[in-house]
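K.L.:
Given these sequences and hints, build the entire structure.
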Amino acid sequence: MSTMALAAVMIATVSCKDGNKKEATTPVSTEMHQETMDDKTDMTMGNSQDAKAETILTAYFNLKDALVNDDNSQAKELGNTLAQSLKSFDASSYSDDEQNELNDIIEDATEHAEHIGESDIKHQREHFKTLSKDMTDMVAITGTSMTIYEQYCPMYDNNKGGAWLSMNEEIRNPYFGDKMLTCGKVQREIN
Amino acid sequence: MKIVKIIAWVALVALVVIQFFPVDYNRSETVPETDFMLVNNVPVTVEQSLQVSCYDCHSNNTEYPWYSKIQPSAWYLEHHIKEGKSELNFNEWGNLSDRRKTSKLRSIINQIEDGEMPLDSYTLIHRDAFLSEANKTAVIDYMEKLKDSLE
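Chains A and B are the protein sequences, given in the same order. Just so it is clear: in the first sequence, position 60 is 60 by the numbering used here, and no numbers are missing. Just so it is clear: in the second sequence, position 106 is 106 by the numbering used here, and no numbers are missing.
Just so you know, the hints here were simulated from the structure itself, not pulled from any lab data. Please note that a few of the clues may not be correct.
[As the list claims (entries may be wrong)] Below are the EDC-like pairs computed for lysine to aspartate or glutamate, each with C-alpha atoms no more than 16 Å apart in a straight line:
1. 122/A <-> 141/B
2. 160/A <-> 141/B
3. 122/A <-> 97/A
4. 122/A <-> 114/B
5. 129/A <-> 98/A
P.N.:
Pasting the structure below:
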């Protein structure tokens, strides 16, 4: 009798777990979809080469702002938005070498963006560090019409440091948020 | 009381029925030349730690425990292994670009430092997979060194 009860409990737990997972993910993904659609119509109008890179950068900056604001759930949403923009990136207008490099960057960045879409804020920031490196390397190839600042906080990641990109010269630290909002310095200006 | 009995019987029947569902076992006889250990010059202690604590879910070959023959635990394992391999497969290390390697190394270091990997649910049963502080440091130091050599 007790084994039967145990079996029943086990089955119940397994099915509950699956049920919860589905419920938790569905609303987020539908929402995401709509947002990316909007973004696309906004951004691809120019249809120029850099428009797509710019879409990605805009999504990245939005994500950065969410981390500055210590907003875990907003960052999740924006991480997924960024993943969508990354996936729709078309590198075909670049040279073969550049395409290889860009596809490599995009693949890496997509993975980090997707993880940001499902992690707690500590992990989001860990992924954001590598993601920022990817974005910097991407801009080095695609170029951009925006003025971007590469900023750096030497204290993040056990004093190993962490860099990020921003459209504002003023420091707003995405790695520490409210804890150390203005820690960091501008390393260089892109454009 | 009657209702309890019915539920128990239904549960029992379900439990028997699911035993006949097929499981996709993660097994491979060969180690490809892209394997982490073959691509890199890994110290023996680190190699051992990785084999015991990581390779069950992060390679093409799992050493299955007895309960992998029984449902629903077989499903549970199958799901974990699939997820683990999609995140990182040590057997396919050599196929990754330097950027992807660096990225994976960073995640490996973070996960071990934070005590997120190996999973608690895994070390609970595989006591030998539990990384001691010394083993942890050895693995992390090696991964850091490897990462620096790629950057």
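K.L.:
Please go over all the hints and tell whether each is borne out by the structure.
P.N.:
These are the hints, each one checked on the structure:
no.	hint	in the structure
1	122/A <-> 141/B	violated, 22 Å
2	160/A <-> 141/B	holds, 14 Å
3	122/A <-> 97/A	violated, 35 Å
4	122/A <-> 114/B	holds, 10 Å
5	129/A <-> 98/A	violated, 23 Å
The earlier numbered hints that this structure contradicts are 1, 3 and 5.
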